[in-house]
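Using the sequences plus the hints, can you model the full thing?
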Amino acid sequence: MNCTLCHSSNTVVYTQLPTEQYFQCSDCSLIFQDPETYLDNVEEKARYETHENNPEDKGYRKFLSRVVDPLLERINKDDLGLDFGCGPGPTISVMLGEKGITVDNYDLYFMPETELVENKYDFITSTEVFEHFYKPGEEFEKVWSLLKPGGLLGVMTVFYPDSVEKFHSWWYKNDPTHVCFFSPEAFEFIAQKYGAKLEIIGDQVIFLRKE
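Residue 380 is where the sequence shown starts when you use our numbering, and the numbers rise one by one after that.
The reader is advised that the hints may include incorrect statements.
Claimed, not checked - In silico lysine to aspartate or glutamate, EDC-like type, Cα no more than 16 Å apart, as pairs:
no., residue 1, residue 2
1, Lys424, Asp486
2, Lys514, Glu415
3, Lys589, Asp501
Just so you know, these hints were derived from the structure itself, not from any lab.
In structure tokens:
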């Protein structure tokens with residue numbers, strides 16, 4: 380089973396659960412679900428439509444502030460941004476718009492207007508998106524290609540636990556649209572491959588600067 384991030388064949392079975400099998404890559408450390416058990420596009424979109432992302436929701440804003448606040452320390456007011464995978468209720472664009480910063484929205488299912496991803500951006504946010512990528516290697520390259528030199532990518536995703544036993548009880552894997560899971564080592568691999576400057580803030584926020 381080739382890794383869905385780096386395409387290496389150096390993968391092993393990480394664990395077998397009743398309905399899913401997971402593999403781990405020895406080269407980049409990604410853990411990924413057997414692609415044979417992915418939801419189809421209709422099932423995946425139906426699942427996303429149950430999400431209640433709303434820019435008026437103070438709790439959701441507080442959650443997103445984990446990436447928005449440190450992002451504001453690293454960008455300029457006249458920068459142009461993109462929220463990649465904004466979902467049915469774009470919120471980061473609203474939060475940054477209140478600070479006078481322009482952010483385009485893109486989502487495969489809810490805002491797929493292609494002209495939005497034909498620009499080059501000073502920064503891109505992708506919150507709670509990377510774990511959904513069926514082909515994370517290809518998707519990362521797509522996102523990375525949209526950044527200007529010197530641009531900043533801000534990612535939010537939850538790092539997987541440090542043991543198989545903890546993974547079995549880990550809540551984050553229970554969402555059927557969550558199919559690949561990252562570690563600090565996975566982002567170090569990405570940073571090295573693309574010559575990016577990496578910052579990891581806590582256990583959920585990652586910044587990659589395009590050199």
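So, going through the hints one by one against the coordinates:
no.: 1; hint: Lys424 - Asp486; verdict: holds, 11 Å
no.: 2; hint: Lys514 - Glu415; verdict: holds, 13 Å
no.: 3; hint: Lys589 - Asp501; verdict: holds, 10 Å
Of the numbered hints given earlier, the model fails none.
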